[in-house]
Amino acid sequence: MALFGAEIAAIFAPKKDGAFHLREFGALPVLMNGRVQPLDSVGMNSLRQIRSTSDVPLEFVTNKLNGVEEFPGWKFWHHPKKIKATEWLLELMFHPEDAAKRPIFLIHHPELLTELKLENSGVDNSGLRYYSYDELRPLIPEIMKQGAQAREVKEEQQRTPVQKQIIKLQNAMYIYQSLSIAICPPGWEDFAAELQNFEAAMPAGMEALQAKEAGKTYDEAAFEKLWEPITEFFTLAKDTGAGQYYPLVLPPSDPDKARDNWSNIGKGMLDSVREREIYAPIKSYAALASAYRHDKPDEFNRAVDEYKSWLGQKYQPELKKGRQEFFYNDTKVFLHAMIIYLFAFMLAGGSLLTLTLAPNLAESLRKSSFYLIMLAWLAHTFGLVFRMYLEGRPPVTNLYSSAIFIGWGAVILGMVLEKIYRVGIGNVVSTVAGFVTLLIAHNLSLGGDTMEMLRAVLDTNFWLATHVVIVTLGYASTFVAGLLAVIYIVLGVFTPLLSQKLTPGKKSNVEIGKTLGKMVYGIVCFATLFSFVGTVLGGIWADQSWGRFWGWDPKENGALIIVIWNAIILHARWGGMVKERGLMAMAVFGNIVTSFSWFGVNMLGIGLHSYGFMDAAFWWLLAFDFGMVFLILLALLPFRHWTSFKDKNVTVPPPSPRGTPSVVAAK
Amino acid sequence: MFQRVINFFTSMRLTVACLGLGLILIFVGTLAQVDQGLYGAQNRFFRSLLIYWSPSTGVKIPVFPGGYLVGTVLLINLLAAHAKRFTLSKKKIGIFITHAGLILLLAGQLATDLLSKESHMQLTEGEMKNYSEDFKENELVIIDTSDAQADHVYSIPEALLAKEPGFGGAKLPVTVMVKNYWPNADLFDEPPIKENIPKGALKTAANKGALHELMVLPQPKITVSEGRDLPAAVIEVSDSKSTLGTFLVYAGTNVRQKFKADGVTYEISLRFKRYYHPFSLTLLKATHEIYKGTDIPKNFASRVRIDNPAKGEARETVIYMNNPLRYSGLTFFQFQMAAGEMAEKAGQRPTSTLQVVRNPGWLTPYLACVMVAAGLIIQFMSHLIGFAMKRRTA
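Top to bottom, those sequences are chains V and D.
This note's numbering puts the first residue of the first sequence at 1, with every later residue one more than the last.
This note's numbering puts the first residue of the second sequence at 1, with every later residue one more than the last.
These aren't lab readings, by the way, just hints derived from the structure by calculation.
Don't take every hint at face value.
[To be verified] Distance condition first, Cα-Cα at most 20 Å in a straight line; then the derived EDC-like pairs of lysine to aspartate or glutamate:
1) K238(V) x E289(D)
2) K238(V) x D295(D)
3) K296(V) x E97(V)
4) K101(V) x D295(V)
5) K298(D) x D459(V)
6) K154(V) x D35(D)
7) K298(D) x E313(D)
8) K82(V) x D98(V)
9) K258(D) x D147(D)
10) K238(V) x E344(D)
11) K257(V) x E236(D)
12) K298(D) x E391(V)
13) K345(D) x D239(V)
14) K84(V) x D98(V)
15) K390(D) x E511(V)
16) K260(D) x D151(D)
17) K298(D) x E511(V)
Build out the structure end to end from the sequences listed, making use of the hints.
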């Protein structure tokens with residue numbers, strides 16, 4: 001407990017920089033994806049898209065079986081050297097020769113590896129293979145050719161896995177190449193020196209240019225010296241990938257006029273020529289680029305400081321945004337929360353298993369687990385709230401944040417259940433929900449920026465705060481009910497716990513199984529409320545923005561299916577059509593219904609709501625749904641096969657005339 | 001027997017069965033959108049009494065109840081069950097409010113389905129219009145332009161063109177005969193080289209007007225919800241004495257074709273069905289912003305002026321995403337836009353399309369949502385409080 005407390009404290013404690021003030025550099029604001037963000041976010045999101053990790057390993061071992069391999073993660077006593085996203089980006093921009101040696105391109109399709117003849121090179125990490133830019137360089141024409149072929153298949157769903165993989169690789173290489181020229185103009189190895197040359201050539205060159213335009217004789221050499229780089233800047237200034245594949249690093253010269261009018265280096269240089277003076281940020285970036293390249297930390301740090309104080313004059317909000325988001329990235333708060341949830345889960349599981357054998361041990365495990373969950377939940381909450389603050393938005397704006405929020409809500413529900421019943425089941429709910437949703441969120445974050453700007457129709461905090469939050473809570477509570485039902489079935493079939501008394505020795509003699517029944521029923525009630533209200537609010541929003549309350553859009557239908565399913569559960573229960581076990585089987589089916597609505601409909605790739613298309617996720621979804629079907633079948637086993645109920649007198653009433661489920665456990 | 005019918009329609013089993021059928025219907029209807037498009041799937045699964053399966057053309061076997069049937073049975077079930085079991089008690093009040101809210105929601109949606117009318121108004125900057133146009137329907141119009149104050153429009157719905165051979169009589173100033181009618185077609189100039197004529201294209205019997213020399217290529221009807229059919233027709237116009245000419249009319253063009261009858265000049269055209277309003281809108285400015293360095297739209301906004309001479313009203317307002325204009329029983333939504341950098345580059349004048357909706361039932365979901373939420377909260381809270389009390393005493 002104390003250990004994790006210390007860990008959490010440590011991640012918030014101020015950290016020191018090395019010789020190069022990388023943290024200062026990483027916090028510098030730039031504009032990308034339509035929003036101001038620190039360079040660190042640029043590095044991290046790009047690296048996630050290229051490598052599916054947010055850092056780059058530097059230590060390797062050679063292994064007979066796999067060749068070169070990343071330092072194995074299970075040897076936890078040795079922390080292998082790694083560079084973080086900021087440093088990788090810095091290296092890529094200003095020391096591309098070194099960056100080209102880092103194994104960062106993830107290719108994991110065996111067929112593609114064979115086709116590109118890459119089986120025997122690269123770096124392995126538990127079956128995933130990474131390649132450096134240098135290794136791929138000779139293959140660029142081949143990759144481009146195959147990428148173009150793959151893109152001929154217009155429908156994304158119809159592309160084969162190899163085609164998708166080659167497009168992903170091509171995209172990753174494009175990001176990589178774009179980033180390498182984000183600050184330093186192509187061909188300028190020593191940025192500061194080249195910039196000085198250019199500045200020196202400017203007066204004579206401009207004079208020659210004007211003379212040429214006026215039709216007079218002019219100094220050709222002076223003209224060429226200026227004109228050659230300028231044509232390069234023209235091309236760069238027109239680049240449509242600017243701001244999408246690489247950041248716009250130069251703040252607008254007149255922030256009062258248009259605050260978001262950031263530009264890339266090409267446009268900045270052209271403006272400088274027009275103004276007859278190199279724009280100050282370019283000089284700063286040139287100074288720090290060359291200082292980094294020549295390994296002069298002092299000069300680098302000075303240049304960063306100078307640029308920061310320049311920004312401080314007019315760009316205080318941007319500077320602050322960069323610093324804060326850097327801090328948020330740096331805490332990796334969801335990762336820490338995830339680890340703590342995992343430990344708490346082990347403790348919670350342990351407490352359930354020892355409940356009968358060693359009640360005292362079980363109780364202390366249960367309590368420790370509960371406190372750990374609280375700790376993780378606090379970290380989770382911090383991350384959630386800080387994100388909201390950074391975005392200036394309600395908690396859910398995209399699929400990624402919906403995963404974070406569903407987890408957050410489910411953990412609260414679990415904690416409340418634990419507080420009421422004190423058997424450890426609430427702990428299991430909280431930990432499983434917290435861990436799994438954060439894991440899903442982590443995988444979703446590999447798609448790129450998770451704080452992307454919202455398209456005009458979604459740009460309304462009122463509806464995001466009401467419809468989206470409430471419907472997401474509906475998902476969360478349906479999942480919690482399903483999770484409780486899973487626990488019921490697993491405990492019932494494989495352990496004797498369900499028939500145990502809730503609080504041994506005390507007056508109350510309610511069985512755990514019965515208690516679970518009540519929990520599931522209560523949560524289904526809330527799920528109905530939230531999903532109904534959330535869905536109708538969504539309709540009202542649609543009425544406000546498109547003029548129709550209901551349009552049978554897949555996501556709307558998905559939400560409606562959840563509402564209907566919850567209503568079916570409640571009516572079946574009220575009408576006596578199902579008892580406790582039937583309720584559980586239905587609640588498990590609720591998981592399938594919810595997963596369809598949450599992810600499945602996005603995979604259909606149609607409709608107004610299909611904001612996130614995922615592919616690998618499809619197989620996970622299928623696996624999840626099959627797992628749930630298996631559990632439902634398990635639930636339908638006769639009670640004599642249930643460990644919890646086999647010793648009891650089970651009466652099987654004669655089947656009712658209409659053939660309703662009628663197996664009832666005797667008291 | 002009567003008792004059995006009552007029991008059937010008030011049973012909770014029927015509720016569960018209907019909900020279950022509804023669930024399957026929605027699920028299948030959603031998946032079907034991938035192949036059949038939103039509009040097609042919607043009509044087949046949700047706006048139908050029965051869903052048919054056609055193993056071969058011409059054979060239709062009903063295989064599943066459609067949305068209308070399930071919805072209606074559910075509504076009857078809901079009403080019947082409440083009529084039978086309704087007692088005003090504290091314990092049941094939550095359930096009652098919830099279901100009353102549901103009835104309101106379903107009834108409101110039914111009303112919307114039957115009564116609401118959608119159209120659109122496309123405006124170029126500076127343009128003023130006092131009508132909106134239908135998304136699907138078209139009309140053949142003959143316009144008497146002799147009055148300087150207002151045009152007199154004689155309209156024949158497209159649906160009638162397909163059925164009737166001709167129109168005349170006291171209601172029309174001329175007689176029109178429908179020579180040909182194509183529900184959807186392309187029109188183009190006759191290519192000079194014969195080999196370039198697409199298969200199926202034909203010359204019409206038209207002999208007057210700006211379009212009469214064009215060729216017609218009939219097209220299949222469009223099934224996707226976003227598209228619209230562009231019908232064409234060959235119309236012979238005559239007055240009491242003689243034939244005035246045969247015109248090719250087409251919904252895909254704004255070209256005006258004129259003829260004279262009894263000294264009056266008329267225009268003839270097949271156009272998107274228009275709804276005239278007692279006021280007009282003028283587009284003053286269309287704004288389309290994107291986030292810097294991306295193609296994500298940031299804002300669509302139309303600044304418009306409303307002129308209503310009858311009320312002496314002339315005011316300006318801005319319509320943007322999530323902020324429609326509600327005026328005289330109509331709602332105007334920002335729908336589509338061609339403005340900003342993209343339009344500028346293409347050399348177009350900024351245009352904005354507003355969706356115009358008349359929906360008398362638009363308030364019902366608001367009320368229903370509040371009722372159901374309140375009902376459920378009352379019901380569950382009373383459960384929860386009861387449960388908490390019991391635990392405390394235990």
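Cross-check of the supplied hints:
1. For the proposed pair K238(V) and E289(D), the alpha carbon gap of about 19 Å is at most 20 Å, so the pair holds.
2. Proposed proximity of K238(V) and D295(D) is supported: the alpha carbons are some 15 Å apart, at most 20 Å.
3. Distance check on the hinted pair: K296(V) and E97(V) sit about 18 Å apart at the alpha-carbon level, within 20 Å; holds.
4. Only pairs whose Cα atoms come within 20 Å are accepted, and K101(V) paired with D295(V) is accepted, the gap being roughly 18 Å.
5. Annotation: proposed proximity of K298(D) to D459(V) holds, straight-line Cα distance about 8 Å (limit 20 Å).
6. For the suggested pair K154(V) and D35(D), the alpha carbons sit about 16 Å apart, so the restraint of at most 20 Å is met.
7. Using a Cα cut-off of 20 Å, the hinted pair K298(D) and E313(D) is violated, with the two alpha carbons roughly 32 Å apart.
8. As the CA atoms of K82(V) and D98(V) are separated by approximately 14 Å, the hinted pair is consistent with the 20 Å bound.
9. For the hint pairing K258(D) with D147(D), the CA-to-CA distance comes to about 15 Å; that is within 20 Å, so the pair holds.
10. A hinted pair counts as satisfied when its Cα atoms are at most 20 Å apart, and K238(V) with E344(D) qualifies at roughly 16 Å.
11. Under the criterion of a C-alpha separation no larger than 20 Å, the hint pairing K257(V) with E236(D) is inconsistent with the structure, at around 61 Å.
12. For the hint pairing K298(D) with E391(V), the CA-to-CA distance comes to about 15 Å; that is within 20 Å, so the pair holds.
13. Annotation: proposed proximity of K345(D) to D239(V) holds, straight-line Cα distance about 16 Å (limit 20 Å).
14. Proximity of K84(V) to D98(V) is assessed by CA-CA distance (about 15 Å); at most 20 Å being required, the pair is judged to hold.
15. Between K390(D) and E511(V) the CA atoms are separated by roughly 16 Å; this keeps the pair inside 20 Å, and the hint holds.
16. A C-alpha spacing of about 15 Å is found between K260(D) and D151(D), which places the hinted pair at or below 20 Å, so the restraint holds.
17. Of the pairs offered as hints, the one joining K298(D) and E511(V) is violated, with about 56 Å between alpha carbons and a cut-off of 20 Å exceeded.
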